[in-house]
Amino acid sequence: MGIQKLDSEFIQKVIRQDRSAQFQLFELTKSWLFSVCFRIVGDEDEANDVLQEAYVEIFQNIRKLNHHEALNSWMKTITVRKAIQQNRKKIYFEQIEQTEAETTEDFDAWFDSDMLDQAIQSLPAGARTVFTLIEIEGYPHKECSQILGISESTSKSQLNYSKKILKRRITKLLQA
Amino acid sequence: MKKPNLDHDLWSKIQDRKNFDYQVKMHLPNLPKREPKIDLWKSIEEELDSKKPVVIPIWRYGLMAASLALVLSVSAILFFQLDTKNSDSDLITDVQVEIPKSNPNDQKSDTEPMLPVEIDSSPEIIQSIEKAETSPEITIKESHRDRDSIRVPEIDLPDLEFSLPSTLAENFQDDLEKEEERKTLHQVSISWNKLKPRMKILTGFGKQNLDLGNQQQASANQSKGQLTIEIKN
Numbered sequence: 001m002g003i004q005k006l007d008s009e010f011i012q013k014v015i016r017q018d019r020s021a022q023f024q025l026f027e028l029t030k031s032w033l034f035s036v037c038f039r040i041v042g043d044e045d046e047a048n049d050v051l052q053e054a055y056v057e058i059f060q061n062i063r064k065l066n067h068h069e070a071l072n073s074w075m076k077t078i079t080v081r082k083a084i085q086q087n088r089k090k091i092y093f094e095q096i097e098q099t100e101a102e103t104t105e106d107f108d109a110w111f112d113s114d115m116l117d118q119a120i121q122s123l124p125a126g127a128r129t130v131f132t133l134i135e136i137e138g139y140p141h142k143e144c145s146q147i148l149g150i151s152e153s154t155s156k157s158q159l160n161y162s163k164k165i166l167k168r169r170i171t172k173l174l175q176a
Numbered sequence: 177m178k179k180p181n182l183d184h185d186l187w188s189k190i191q192d193r194k195n196f197d198y199q200v201k202m203h204l205p206n207l208p209k210r211e212p213k214i215d216l217w218k219s220i221e222e223e224l225d226s227k228k229p230v231v232i233p234i235w236r237y238g239l240m241a242a243s244l245a246l247v248l249s250v251s252a253i254l255f256f257q258l259d260t261k262n263s264d265s266d267l268i269t270d271v272q273v274e275i276p277k278s279n280p281n282d283q284k285s286d287t288e289p290m291l292p293v294e295i296d297s298s299p300e301i302i303q304s305i306e307k308a309e310t311s312p313e314i315t316i317k318e319s320h321r322d323r324d325s326i327r328v329p330e331i332d333l334p335d336l337e338f339s340l341p342s343t344l345a346e347n348f349q350d351d352l353e354k355e356e357e358r359k360t361l362h363q364v365s366i367s368w369n370k371l372k373p374r375m376k377i378l379t380g381f382g383k384q385n386l387d388l389g390n391q392q393q394a395s396a397n398q399s400k401g402q403l404t405i406e407i408k409n
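Same order as they appear, the protein sequences are chains G and H. Residue numbers for the first sequence follow our numbering, so the first one is 1 and each next one is one higher. Residue numbers for the second sequence follow our numbering, so the first one is 177 and each next one is one higher.
Extracted from the complex, chain G is given alone in its bound form (with noise of 0.2 angstroms):
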């Protein structure tokens, strides 16, 4: 998931401070950001702060940028961060065993974006945050867990954990 590859004299112009282009690279990346905040905070209000701290400080810092094919995931990368930071007192890991970590459920139902959308949301905040750091946004489990300070151990099991939690979820609303 992201947006169209950025020509580099657009990106020059965003460096040199030009307002307007920075506000067209605002409308390009504002949902696909605001989503990924979203997913991780799990409210919008907060969502909105945290997307606007991200781009302050995308704008400010984007000269630092050597790489600009890499704009991309830069700007993901520091949006995730200041998510995270935001979400850090409601973000907790909670003690999965070995044995439950491993056990998979049995799944027979076909649902659709919608529904997988909103067992999403209902997951605990950890498990939501590494769910969406590593099967939506593409993120290795090794950098996963740096972003979280959590072992890789813990990111997998904690992924584990929240499919077999998505999985309760979306046979509840298939139910229902």
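It should be emphasised that the hints constitute simulated quantities derived from the structure, not laboratory data. Note that the structure is predicted; figures quoted are calculated from it, not measured. There could be a bad hint or two in this list.
Claimed, not checked - In silico SDA-like pairs for lysine to any residue, Cα to Cα no more than 20 angstroms straight-line:
1. H/K209 - G/W32
2. G/K30 - H/S219
3. G/K30 - H/K213
4. G/K64 - G/W74
5. G/K89 - G/Q121
Once you've looked at the hints, dock chain H against the given chain G.
Frame of chain G; chain H shown alone:
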């Protein structure tokens, strides 16, 4: 009419797609996208305008601070050096003092020019002088009070006056006239130190058996510093 050949693995493929992980991967790109609030850009713009960076190189602040520190330190060093020089410099005054000779057999001429004198008031020197004296003309009275540091009141600089009272001079003259003693010249140096307020004065001008009585033997103008009189034989 020919019947189409069904893929026997089709059902398994369908069942595979029903897999949870497969469905998640399939639906993730299509998750609903949310939009931020409408006036978010306005808020961002206001914050960017308020946080305009001040373009002042940091190295300039360091340079200014370093130069200021250098100027202050050099001026402080010069100030204290000048101050200590002025205060530490001893004022050496050439004072010609005519002292009766301790040795009557001294053949020195009476017409010898007077030399600057230094009077050392240390007890050892006083004792040595007492031992070397053969004539009773010279009496050096040591005052216990003078051994201790005498803090004298202040005088106005740079004038340094050291004068013997007239009564003492008269006594010396009387002694010379009466007993016809030969005069001895002692090298006496008088120094005055501003930072050394202790003052040692020995009243040693006179004969050994000189009856000084209650008359004032010597006087010195009071100064801030220490008046040092050294006698070098």
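Hints and how they fare:
1. H/K209 - G/W32: holds, 7 angstroms
2. G/K30 - H/S219: Within the cut-off at roughly 14 angstroms; holds.
3. G/K30 - H/K213: holds, 10 angstroms
4. G/K64 - G/W74: At roughly 11 angstroms apart (the allowed maximum being 20 angstroms), G/W74 and G/K64 satisfy the hint.
5. G/K89 - G/Q121: holds, 18 angstroms
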